[in-house]
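Colleague: The task is simple: from the sequences and hints, build the whole structure.
2 protein chains.
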Amino acid sequence: MAAWGERLAGVRGVLLDISGVLYDGGEGGGAAIAGSVEAVARLKRSRLKVRFCTNESQKSRGDLVRLLRRLGFDISEGEVTAPAPATCLILKERGLRPHLLVHDGVRSEFGQIDTSNPNCVVIADAGEDFSYQNMNKAFQVLMELEKPILFSLGKGRYYKETSGLMLDVGPYMKALEYACGIEAEVVGKPSPEFFKSALREMGVDASQAVMIGDDIVGDVGGAQRCGIRALQVRTGKFRKTGKRKRRVNLGPAHYPEVTSDNIWGSPFQMFRV
Amino acid sequence: MAAWGERLAGVRGVLLDISGVLYDGGEGGGAAIAGSVEAVARLKRSRLKVRFCTNESQKSRGDLVRLLRRLGFDISEGEVTAPAPATCLILKERGLRPHLLVHDGVRSEFGQIDTSNPNCVVIADAGEDFSYQNMNKAFQVLMELEKPILFSLGKGRYYKETSGLMLDVGPYMKALEYACGIEAEVVGKPSPEFFKSALREMGVDASQAVMIGDDIVGDVGGAQRCGIRALQVRTGKFRKTGKRKRRVNLGPAHYPEVTSDNIWGSPFQMFRV
Numbered sequence: 001m002a003a004w005g006e007r008l009a010g011v012r013g014v015l016l017d018i019s020g021v022l023y024d025g026g027e028g029g030g031a032a033i034a035g036s037v038e039a040v041a042r043l044k045r046s047r048l049k050v051r052f053c054t055n056e057s058q059k060s061r062g063d064l065v066r067l068l069r070r071l072g073f074d075i076s077e078g079e080v081t082a083p084a085p086a087t088c089l090i091l092k093e094r095g096l097r098p099h100l101l102v103h104d105g106v107r108s109e110f111g112q113i114d115t116s117n118p119n120c121v122v123i124a125d126a127g128e129d130f131s132y133q134n135m136n137k138a139f140q141v142l143m144e145l146e147k148p149i150l151f152s153l154g155k156g157r158y159y160k161e162t163s164g165l166m167l168d169v170g171p172y173m174k175a176l177e178y179a180c181g182i183e184a185e186v187v188g189k190p191s192p193e194f195f196k197s198a199l200r201e202m203g204v205d206a207s208q209a210v211m212i213g214d215d216i217v218g219d220v221g222g223a224q225r226c227g228i229r230a231l232q233v234r235t236g237k238f239r240k241t242g243k244r245k246r247r248v249n250l251g252p253a254h255y256p257e258v259t260s261d262n263i264w265g266s267p268f269q270m271f272r273v
Numbered sequence: 001m002a003a004w005g006e007r008l009a010g011v012r013g014v015l016l017d018i019s020g021v022l023y024d025g026g027e028g029g030g031a032a033i034a035g036s037v038e039a040v041a042r043l044k045r046s047r048l049k050v051r052f053c054t055n056e057s058q059k060s061r062g063d064l065v066r067l068l069r070r071l072g073f074d075i076s077e078g079e080v081t082a083p084a085p086a087t088c089l090i091l092k093e094r095g096l097r098p099h100l101l102v103h104d105g106v107r108s109e110f111g112q113i114d115t116s117n118p119n120c121v122v123i124a125d126a127g128e129d130f131s132y133q134n135m136n137k138a139f140q141v142l143m144e145l146e147k148p149i150l151f152s153l154g155k156g157r158y159y160k161e162t163s164g165l166m167l168d169v170g171p172y173m174k175a176l177e178y179a180c181g182i183e184a185e186v187v188g189k190p191s192p193e194f195f196k197s198a199l200r201e202m203g204v205d206a207s208q209a210v211m212i213g214d215d216i217v218g219d220v221g222g223a224q225r226c227g228i229r230a231l232q233v234r235t236g237k238f239r240k241t242g243k244r245k246r247r248v249n250l251g252p253a254h255y256p257e258v259t260s261d262n263i264w265g266s267p268f269q270m271f272r273v
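Chains as they are written, first to last, in this note's numbering: chain A, 1 to 273; chain B, 1 to 273.
These are calculated hints, taken from the structure and not from any lab test. Keep in mind that the hints are not guaranteed to be accurate.
Which copy is meant is left open, because identical chains are indistinguishable; a pair holds if it fits in one copy or across any two.
[To be verified] Heads up, simulated PhoX-like pairs for lysine-lysine below, C-alpha to C-alpha not over 25 Å straight-line: (1) K92 / K160; (2) K160 / K137; (3) K137 / K44; (4) K147 / K160; (5) K147 / K44; (6) K92 / K49; (7) K196 / K49.
Modeller: Here it is as structure tokens:
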């Protein structure tokens, strides 16, 4: 435990990923990960500040928080940093009118945004709405623009639902990038701007924060590039090395790793909360 | 014309792309490009050998040839080099059993292939069948394999139908590559093996052949890397530089370019046929 104490010295705030760390989505809203409801409650009773830093882009923040509260979590909308509201700010600042390729569940977040005569495309984790027809429409809008602008709400490869691994927005972002010969602007983890806004909202410096997530690139790598310490849980999309189960999501080898099977289990005392 | 005469000196065989060069697909089978039916007839009456080198992967060779004959072209199945039959040869050689993410129209080409208990994935231009569900299934099959193998029948970005630009298989190949952290094996243009097999079937050396296509990467670049001269037509997916129409599909700047608006028009005499 001494090693953990050293590694976490000076931590004043905890950034928590949601999907794969607090719960796995799926049929009927999904299921809380063992120990996570209690862990959040314990963190909130402690001296540490807590903020939820998610790339969830299928649901509005309101719907996400309602779902998590139903699963027993102590969480409110104001505690969540999510890519859809961040994207709306950027669109307004730059006077952009998006063609939206997003899940119906998150469309309400864009209610105040002018989508007429689009001059950019916004894609999010659209799930079943990533049909050929919808992808082709987004592609055609981009190809008609003199300077095609594509925003992607996160660039995750996949996530885990209770029924198995599911393609995230990242692969579809790559598809449109390749089709149009462009590079997307990513809003969400691992974008440094996104981590910085989460820190600002929590009122804690990078050096005083720790990010806990299941994605070695989006959560761990992204946080570390901002000077935030990071821990990878072994739940969610985390996959053990083994004969049949490769760890595809490896990333740079020097990332630290939580040594317990579940960070919400017995070694929770590493936070000394 | 002198310049063209020099450039085409010693040509004994012509490799012809099909989509965007001979015809544009679309409603009711599509439409022949002006001048192309006559151009093929003229080439066939000449001393030049002719072979059709296509990445068409929505239709079987039989269906493609029937469609082209209906449009007036002089073409037979034995004159066509296409990626589906080439893939079947590779699968048999390597003892691979594919999960197929392909259009129903090309499925018959894989009729003799064992698809039980798949140990690789084959994707082709599946069109509307590139649903989220089908993409996710292909992704899950790959993630279950110890050494995921993905074959892509071509890697084109898009093609032109009479109704507009349409996403080709390439963007979906990129999506699965990114999702799984792997690199696909491309069967079709611009793969050198594919061009070599077309040359072999035509009985002409690389230095004696010219490839005519509308894709600067798949047709022109691919052929040139094999030592085959290449010409880009200004039909099909070719897009002029302009204020609103960017030439996205640029590729290396040193590729030669056909200077007429349509290679099948008046400067056809450059072939001296």
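Colleague: Now tell me, hint by hint, if it's right for this structure.
Modeller: Going down the list of hints, with the structure as the test:
no. : hint        : result
1   : K92 / K160  : neither (33 Å within a copy, 34 Å between copies)
2   : K160 / K137 : between (28 Å within a copy, 14 Å between copies)
3   : K137 / K44  : neither (45 Å within a copy, 40 Å between copies)
4   : K147 / K160 : between (35 Å within a copy, 21 Å between copies)
5   : K147 / K44  : neither (46 Å within a copy, 44 Å between copies)
6   : K92 / K49   : neither (30 Å within a copy, 60 Å between copies)
7   : K196 / K49  : within (15 Å within a copy, 64 Å between copies)
Hints 1, 3, 5, 6, counting from the list given before, are not met by this structure.
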